[in-house]
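Visitor: Going down the list, the sequences are from chains A and B.
Residues 120 to 429 in our numbering are what the first sequence spells out, letter by letter.
Residues 7 to 287 in our numbering are what the second sequence spells out, letter by letter.
Take the hints with a grain of salt, since some may be wrong.
Below, in silico cross-link-like pairs of lysine to aspartate or glutamate (EDC-like), each with a Cα-Cα straight-line distance of 16 Å or less [claimed, not checked]: (1) B/Lys128 / A/Glu174; (2) B/Lys128 / B/Glu232; (3) B/Lys165 / B/Asp250; (4) B/Lys62 / B/Glu232; (5) A/Lys331 / B/Asp139; (6) A/Lys321 / B/Glu89; (7) B/Lys165 / B/Glu176; (8) B/Lys230 / B/Asp250; (9) A/Lys321 / B/Asp114; (10) B/Lys42 / B/Asp103; (11) B/Lys230 / B/Asp215.
Because the hints were derived from the structure by calculation, they are not lab data.
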Amino acid sequence: MREETSGQNSSNNQKIQDIMSRRYNRRRVLDKIVSVFAIACVLAAIIPLGSILLEVIRNGASAISIQLLTQPPGAIGATLESSGGIAPAIQGTLIVVGLASVIGIPIGILAGIYLSEFASGTRLFPSAVRLFNDVLTGLPSVVIGIVGYITIVLAVGSFSVLAGAFSLSIIMIPIVVRITEETLKVVPNSIREAGYSLGISKWKITLFIVLKSAKSGVLTGIVLAISRIAGETAPLIMTILGTSLFFSSFTKPIDALPLRIWRLASQPYDTAHSQGWGAALLLIVIVLISSVVLRLLAQRKGFKVKAVHV
Amino acid sequence: MATDGEAINDPLLKVISSKKEENYYVNRLRYKVSIKNLDAWFGTKQVLKNINLDIKSNVATAIIGPSGCGKTTLIRCLNRMHEMTLGASAKGCVVIDNNTNIYDKSVDPVIIKRRIGMVFQKPNPFPTMSVFDNVAAGLKLNGVRDKRLINDIVEESLKSAALWDEVKNELDKPGIGLSGGQQQRLCIARALAMQPEVLLMDEPTSALDPIASSKIEELIHALKKEVTIITVTHNMLQAARVADFTAFMYIGELIEYGPTNQIFKTPHKELTERYISGKFG
Numbered sequence: 120m121r122e123e124t125s126g127q128n129s130s131n132n133q134k135i136q137d138i139m140s141r142r143y144n145r146r147r148v149l150d151k152i153v154s155v156f157a158i159a160c161v162l163a164a165i166i167p168l169g170s171i172l173l174e175v176i177r178n179g180a181s182a183i184s185i186q187l188l189t190q191p192p193g194a195i196g197a198t199l200e201s202s203g204g205i206a207p208a209i210q211g212t213l214i215v216v217g218l219a220s221v222i223g224i225p226i227g228i229l230a231g232i233y234l235s236e237f238a239s240g241t242r243l244f245p246s247a248v249r250l251f252n253d254v255l256t257g258l259p260s261v262v263i264g265i266v267g268y269i270t271i272v273l274a275v276g277s278f279s280v281l282a283g284a285f286s287l288s289i290i291m292i293p294i295v296v297r298i299t300e301e302t303l304k305v306v307p308n309s310i311r312e313a314g315y316s317l318g319i320s321k322w323k324i325t326l327f328i329v330l331k332s333a334k335s336g337v338l339t340g341i342v343l344a345i346s347r348i349a350g351e352t353a354p355l356i357m358t359i360l361g362t363s364l365f366f367s368s369f370t371k372p373i374d375a376l377p378l379r380i381w382r383l384a385s386q387p388y389d390t391a392h393s394q395g396w397g398a399a400l401l402l403i404v405i406v407l408i409s410s411v412v413l414r415l416l417a418q419r420k421g422f423k424v425k426a427v428h429v
Numbered sequence: 007m008a009t010d011g012e013a014i015n016d017p018l019l020k021v022i023s024s025k026k027e028e029n030y031y032v033n034r035l036r037y038k039v040s041i042k043n044l045d046a047w048f049g050t051k052q053v054l055k056n057i058n059l060d061i062k063s064n065v066a067t068a069i070i071g072p073s074g075c076g077k078t079t080l081i082r083c084l085n086r087m088h089e090m091t092l093g094a095s096a097k098g099c100v101v102i103d104n105n106t107n108i109y110d111k112s113v114d115p116v117i118i119k120r121r122i123g124m125v126f127q128k129p130n131p132f133p134t135m136s137v138f139d140n141v142a143a144g145l146k147l148n149g150v151r152d153k154r155l156i157n158d159i160v161e162e163s164l165k166s167a168a169l170w171d172e173v174k175n176e177l178d179k180p181g182i183g184l185s186g187g188q189q190q191r192l193c194i195a196r197a198l199a200m201q202p203e204v205l206l207m208d209e210p211t212s213a214l215d216p217i218a219s220s221k222i223e224e225l226i227h228a229l230k231k232e233v234t235i236i237t238v239t240h241n242m243l244q245a246a247r248v249a250d251f252t253a254f255m256y257i258g259e260l261i262e263y264g265p266t267n268q269i270f271k272t273p274h275k276e277l278t279e280r281y282i283s284g285k286f287g
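This is chain A alone, in the form it adopts within the complex:
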């Protein structure tokens, strides 16, 4: 009887081997096709980005000059030498984005910490907060600009830095909240339990152990948010107005790079266009530098972990 069953087993075995080998070549070809398709998709995604960057560098590099970087704008339609530069816009972007970050990042991180660490399960309030946060993420930036206009501009009586920073921070907060919450959730619970077992209070565990573990993720969120708001134009149109003057007060209008790019591109003059390209290149470079600097700052005390096994 044993021979029969083993015979049956080996014939089943043979059947399986036949089926698997018969389909094998077809699978190999399919595998190759899908790989090629995947690579094509990657290229399709990268090529537009690459071509934009190339275009900006090509047109903008020639426009970069000391004059561009340090002079306020000159008369519209003037020659290149008297066209001035975009210095107020550079200053404005740094100030408005900086102020928006000072407002938006702490609020975003604290809300993210609340949602991850202190909001358990599906209670009503945390669920509502998450819902509102998701809605805010999708809000058109022009609408946020209008909100900024109605609240700050009308209240203060003029277009102002404050209004611009306020609107940008509204765009920034949901991004930071969502990424902070997700990153904190990924920190394994065993770390928190280790902290509890040492008799450490919850907020200290959250701040000094959990947040520290999630540091690089949270920072990615911040970098993403800053990159996003640095390029937002619609809210700025309605809140800071734009000007040719340098910064004077938080309650006065100011210029910013996205706004200046838009205005320069709208003019019919070549010098204006070339300045616009220069401004675009500058904006990309500023965002890049701030990302790199933030990352370096975060890694200052970080460890390079090499697995050492005894």
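Here the structure of chain A is known, so what remains is to put chain B in place on it, guided by the hints.
Guide: Leaving out everything else, chain B in the frame of chain A:
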């Protein structure tokens, strides 16, 4: 601890000095931990039924039983970590030193964990901290500032955890860079730095290889002179090697408890005998 003549004002140190002396004489007390009528639930499911158990001081007590019998739940109730899980609850008395019921309303569950430390099954050193900072974490985050004191305690704890010689020149290396066995000893040192009176160990060697496991077992032998140790294990041989007393649990109930020799050689209950001889679990 030899400290020179400077005034020591650190409140944590005052507690430590008096507890060290207390521990020395604690043999005079009958029981370190008395568990009375302890019930525990996950939601509506009852996982511990009327546990009554008296743990002696300065000995190692093992809790054995098949998977799901409630061993881990029991020790998590002993330092009030059980109720931190969503939906979990516990009811009953757990009395330390015959004078403090940790389930009493006046007891702060955070502070009680400084007296009853815990080591987990899978080593969990803090990933962003060095070896030194890991051991010092409990002290620093609870307000101890005196650097010399912290240095002394870290060294002492690492020595008690039999890890000092291996890491003394690499205290600044990240904690997670150590091997599994070393990480577990690091976690033990971290728990010991708080100078606990009781150390709870949840299957401390089940994630480790035999050599690392035997190091930890030697550790338990040495440690129990200073700390009362309660360890959960499903390795019966380990319980026989390491523990002075053994408690056998089955489906949430305490079946039998006594000196290890008696439990393993002449168990009183049939269920115990069947488990010991491997007939189930």
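Visitor: Can you name, in rising order, the numbers of the hints this structure does not satisfy?
Guide: Those not satisfied are hints 1, 2, 3 and 11.
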